Every structure is written in C-alpha cells, then in structure tokens.
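Engineer: The whole structure should be built from the sequences, with the hints applied where relevant.
Chains as they are written, first to last, in the UniProt record's numbering: chain X, 1 to 418; chain W, 1 to 301.
For the record, the hints were derived by calculation from the structure and aren't laboratory data.
Per label pair, the in silico range of CB-to-CB distance:
1) W:R219 / X:G122: 51 to 57 Å
2) X:R194 / W:F210: 38 to 44 Å
3) X:S273 / W:K86: 28 to 34 Å
4) W:R219 / X:G51: 32 to 38 Å
5) X:G266 / W:E124: 44 to 50 Å
6) X:N161 / W:D294: 47 to 53 Å
Examples of chain W residues lying across from chain X (beta carbon under 7 Å, computed):
7) Y4
8) N7
9) S14
10) W24
11) Y52
12) A144
13) P165
14) L170
15) N172
16) T190
Keep in mind the model is a prediction, meaning the values are calculated, not measured.
Beta carbons: idealized from backbone N, C-alpha and C, even for Gly.
In case you want the letters, here they are:
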Amino acid sequence: MQIDNNQLLRFTTAGSVDDGKSTLIGRLLFDSKSIFEDQLESVSNTSAKKGHDGVDLALFTDGLKDEREQGITIDVAYRYFTTPKRKFIIADTPGHIQYTRNMVTGASTANAAVILIDARHGVIEQTKRHSFIASLLNIPHLIVCINKMDLVEYSEEVYNNIIAQFEEFSSKLLMKDVRFIPISALLGDNVVNRSKNMEWYQNGTLLSTLENLHISSDINKIDARFPVQTVLRPQTEEFRDYRGYAGRIASGIYRTGDKVAVLPSGFTSKIRSINAGEQEVEEAYAPMSISITLEDDIDVSRGDMIVKKNNQPEMEQEFDVMLCWLNNDAIKPRAKYTIMHTSNEERAIIKEVVYKMDINTFERDSEDSNLEMNDIARVKIRTTRRLMLDSYRDNRNTGSIILIDENTNETVAAGMVV
Amino acid sequence: MSKYYLNYLDELESEAIYILREVWAQFENPVILFSGGKDSILVTHLAKKAFYPSKIPFALMHVDTGHNFPETIKFRDDLVESLGVKLIVGSVQESIDQGRVAEEKGKNATRNALQITTLLDAIETNKVDCAIGGGRRDEEKARAKERFFSHRDDFGQWDPKNQRPELWNLLNGKHFEGEHFRAFPISNWTEMDVWNYIKRENISIPSLYFAHEREVVFRSNSWIPISEYLKLEEGEKVEKKKIRFRTLGDITITGGIESDADTLEKIVLEVSAMRKTERGDRSDDKRSETAMEDRKKQGYF
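Structural biologist: Here it is, written out as structure tokens:
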C-alpha cells in the first residue's frame, strides 16, 4: 500500500471487557483487512474451542499468558493498522481503576482517545474516569462511541440521552474536540462500514472519523524548543571542528540564521546549519530529529535547551504539577527522587501534596497527602537546579516530567506542569 | 516546504533516531544486536543517520548459531567494513563445545533456543549494558507489550509484569551493575513500514530477500532450504524452486515462499498483498501458543 504522504495517528482506547473494547479493536482490524490468515486461523480455532459461534473478534487482541488466563488486559498493548489514508497506532489500555497508570501511559502520546459507553448502561463511573484522564493528559481529540446500539434497538433517543448525560458531567473538564458515534462493535455498525440500522445518524463512522481528524495542529508549532540529547563531535579530517547538537524538536520551527539562546546559560548565537541525517535542510520542525550547528563556539551539552531568543520557557526551581503515582510503593514524605524532564535530569523533592483528586467525582481532597499507586494529585516540587518549563497545556513535551526512585531505579510517578 | 507535518515514515524514523540517541546518552557500552536480517540492517541504517557525521558509536553484536546462510555472513562482514564499526561475535558452537548448552535432538532440532545462553554470555563478557534490537511490536503478541527501553534483571530475564511505564518520550534507562537493557527503536514499525522505508532509502539487504532459484524441501507448509545441517525425512523430496525469504533466521528453520519478486518494488507490492504474517513461516514460533513469550522471559531477542 502506497501512503507516502500520510500521517501517523496514535489513539488510545480505554474500557473493560464488558464495554466491548476488545471486540471493537478486533472489528477495526478485521474490517480494515489488517488481520492475516494465520492470525484468523488461530483465533477461529480458539473460538471453536471455547464454544463461540463464529469468530470471537475480541481474541485478536489477546495478550500474555496471565492475561489470557484471567481474561483481562493488564498492561498497555500496542496494535497497528493502516488504511489508504493513514497509519494508526492503538494503545490498548485496561479500563479498571486499578490500571489508571496504564491509561495515563497510553494517553501520554495519543492524538485521540476512544471512549466506550455501553448503550444499555449510559454514563457510568468508568466513563467519567476515562474522560478525566483524557482531559488531564490533554488528548486533543475525544471520540465517544456509544456501543451495543443493537441491544437498544438502535434507538436515537437512547443515544441522545447518553450524549446529554456525558455533556452534563464533562462540562467540568477541559476538552477541545468531542464527537459521538453510535456503534455496534459486535455487528460492525458504524465502525468501518456505515450502519443501515441507524439512518438518523448522519456523521462519519469511527474509522472515517479517525482518518479525517485534523492532527497537524496537535503539536505546538509556535514555541520553538530544542532539548539537546547529545553532542556530535566526529573529529575526522573532514569535520575537524564540527560540533553538532543532536536532538528531537519538542515544538516549533527552526531555520538557519535564527537567533537562538542556549538555556540555562542564556548565551546567544545564530543557527549556522541544520541536518536531518546526512541531508542539510533550511528549516526543521517538531517532531523531527535533527542536529544543529551554531555560529559561535559556546558550551552546550545534554540537558540544555536551544530556544528562540525572543520566545523562552519559564526557568523554575519550584513548581506545581499534576502527578499520577505509578508505583506499588507509596510516596515517601521528603524523599528525594530523580526527575527527568526533556533530556535533562536533576534531583527533586516533593515539598507538598496540595490536594488529591477523586477521579470518579472530580472532587479535591486537601487533607489526604498519602499517594498510592493510581492516585492523582497536585503537588509542589522543588529541584536542585532550575528546569526550562512550559505548562503542559501549552506544550506536552516540555511540560511533562517523570520521577525515578533512587533506590530502585523504577519510574514511580508522571507529572504534568500546571 | 509549506506543510509542517511529517509523513508516517518520517515520524517513525525520527522516533527511532531519538531512541538511538537516548541509548547513546544513557548507557556506557551499548551494542546493536545484528542478525543480518532486514530489521537489524534497518536499525544500523538509522544509527548511521542518528550520529552523522560521526561514525556509529555502537559495536555490532552477532549471535552466530553456526547454522547461517553464507550470504548473511558475507553481508555482515561487508557492512561492518564499510561502516568501520567493531564486530562482536558470540558463537553457539563455542557454547556447545564448552558444555554451556547441549544440542537439541530429533527431527526438528534447531539451535534457536541455544542462542539465549550465548547471547547472555556475550552480553556479560563484553560488559554490554544495552543491547539494541530490531524487535517490532507487530511481530508477535508477546512483543506487543514491549517497551522501547526494556529492563532485564541480572539473570538477563524479562519480567513482563515488572516493566517500567513509558510516558511521553521520557525513557528511564537507569540500571544497577550487572543488569542490562534491551532497546527497541523500531517498536512501532510494521513489516510493511520496514519494506516501504527500505525501498524509499534504497537500503541494501542480503540477496536472500529477493526471489532466486534454490534447492528446497516442503516442510510444515513452507519451503525449507537444503543445507548441510538439514536431515531429510523419508518421503521428502528435494526440489528446485524460485523462492525468497520474508525473514532471515537460521538456515534450518527459515522457510521461503514461492515468489517472483526480484526487486524492492516487487517485494513491496507482494508484501502488501500478503495474507499471512511474516513469522508464519518460522518454525521457532510454531512450537506452542506462547513460544515467543517463554523465550523472551528467558532473555531471547
């Protein structure tokens, strides 16, 4: 399939077995002809063994041994399919409250979130939780699929009532682009093919919606931020004095001749050249991996950020983040963690838990300062040196951090700069 | 240039380069696991781009089962020479001679599982703290949950339940003495993406991927090449066929498909029309439902 000019769209699906999430993904893969014969054969055999009629689409997303035995998804699994219009990456995440951390993980890189609602049950606690996480992680597009429409006689009224319920609670959340689609994942209505049972629904199917979402603006193209990953010094005959600053543009656009500042030192210079691999280019933009050379010989190393002289991030040593706790070990008061932010690394302490969020009711609790796995809270962080920060709302790449436990090396928390 | 978005291949390329540079920045002694197959060739090509105009700062590590296609070894040696990088070879034959592992017996005996010991030994003796692999999440269900930075304990084992969450593009490669990481820069590529990119960049790959005449025998639904290591069963007939390989593993377990695709253009067309996964012709994965998962836990690629 030739899709030379096509974009990549990453989306996350949250839900439990009961919502029909696995069936929906199976349906997308199956109807978009992304299932291979040997996979189909293996799934047909398993379906027959389990006594299902026909092919159980949910089995296409079957995971590891433990997950199959328990019939649940424990971890984030990635699936791939391609249509003539786009390449898609699905981050398939479990929906249960115990797995909030996995939902957050899957959501962190997504352009879109697909949320499933069982038409028979309407908006439930889980719907609110998923929507909250999508909003917290600032996923640009939200697609709410009202599933199992076949079990409510494809009723427009049921569909409209659920939309009303959704809009009522979601008014408390920050969301840019929300769409609703009535579907039946099991029977295929409005997933890839348009439903003949819901003439009253005039908008696109799930697949055509995913294919047509406008995602070019999802990455910030205004604030130029270039975190330096490593310095290239070939020291060969041909490139004797070459010093290339290699990294992936976090946001914005860079051109040769641009006046730039190197943070945190603040030294200024001009971009002499930009390379994308072996090729020299005049301009480059997020999320390209490039290397830059500067006109002046200044000291630049990993963790520094090259920005436009006239548009700079905040330099902070103390700041607030919305933190999601990811680890089995609860937060330790006054403990020191390693903080990773872009290509930079410092030490940090959590000075204060400002409030904890109840992710089902959106209520704030400022009394409780104990953070355990899957908890979300607003906290104050202090770091050993200043970080070059943007707010997460403005910039996902320069507004996100992780905390690492220095005793175990595990990633224990993920945070979004407020 | 008027548009400010990347097409999907450029975005995958950029992501892979980012990961390779992160490996270089976070580890002391990383290597690229090089099998001579298209995925490890692709990773090497991306590494060249990531560090240009410097040389690739990683050695290539090849786990040599002794059951190779001669074409693969020639390709490997030529590539190593042209890039000017170091080659580390871990030999399964040596592991057998040293009594570290025992050869499998029987009709379908292979050296596939034996590689794990050799690989882990090579990682340990060369003090490698990160081994970069060409594994892709679309290959197999046990790979679908793999991280970009995958943690291995000091026994070299993968614990799927104890992997670090990876958010945004923040990769945590912190490790203790004796532990190592596997890094998978092309996790998000599919077989189709790999071929489209190889074609776009005109990357050279071993001749085995192109249709050629070869002596083969039909076994477990695919054409197994005749070699000195293959024992013919009764009733099996050697035939001459025009075939090509979709993946390259050991000569004893890699089945070819009948094909006329002798150019990259034709391969891309053929792969896009394929109705079977590429590992469908690999007998190492057919041993059981969880063959890959089990081997991965022990420390397989």
